Amino acid sequence: MSLSKDANDFLERCVWPRVLTQMERETTYHALYQRELQTGTLICHRQEIADSWIGVMTGFLRVQDTTADGKPFMLTGVAPSGWIGEGSLLKIEPRRYEIVATRPTKTLHLPRATFSWLLDRSIPFNHFMLNHLNERLAQFIGMAKYDRLFGPTARVARGIASLFHPVLYPNSEPALRVSQEELAWMVGVSRQRVNSAVHTLQEEQLIRIGYGSITVLDLQAIAQYV
DNA sequence: TCATTAAATTGTT
DNA sequence: AACAATTTAATGA
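Mapping to our numbering: the first sequence position 153 is 142, numbers consecutive.
To be clear, the hints were calculated from the coordinates, so they are not data collected in a lab.
All of these numbers come straight from a predicted model, not from anything done at the bench.
Treat the hints with caution; some may be incorrect.
What the hints assert, rightly or not - List time: in silico DSS-like cross-link candidates among lysine-lysine, alpha-carbon distance up to 30 Å:
| # | residue 1 | residue 2 |
| --- | --- | --- |
| 1 | Lys80 | Lys95 |
| 2 | Lys80 | Lys134 |
| 3 | Lys134 | Lys(-6) |
Just need the whole structure built from these sequences, with the hints factored in.
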């Protein structure tokens, strides 16, 4: 079976393969395939039936929809080590959103057939999936709350915290490659506001700003920032 | 390895 | 939104 070394390293960092039996893991790994996307590539189109569960090895994905007047707006971002699209696999209906790579990105895909096969036979996989969905739900609820109650700096903090979510993105590296522009899209504020927000957060020793990257120094404080 | 250049990103108005 | 400054990545001697 011919997964790249990158893919194997990536899978070792993921949680769900660990809950499978040896046999299930082998079958699953055999079905996985890899894609490399250039900046701006649409990986999932709106209205199409989802055909795979998508893991981000490197890069960054933007999940977006468009408003009535045609302006795209970002729903969330997917950082490396995150998986997206399970919601569209659990039902058979057209996607309501589209997914775009915001930079060169490597993805790993688990085909729908294999995904369903795991759901049908593995209780541990179902437990993983429930937990995964629950964490994502909590994330969206948190986002809605912050949008209504707190100012832009807190929302930026919320956005950063969500990308460092230990369950959704079990990343080993402390630094995340995300530009301030990507953060701005994600949180729904201007890039200028993100710029000033990250400087405020840096002064408070909560994060460190890098060129095209953010390092979280105190995840606990970032997640609760008001 | 170093210097040069282009591209990306940040910082500021 | 526009512009300048800065950092990185790529290229070639």
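Tell me the hint numbers this structure goes against, listed in increasing order. 3
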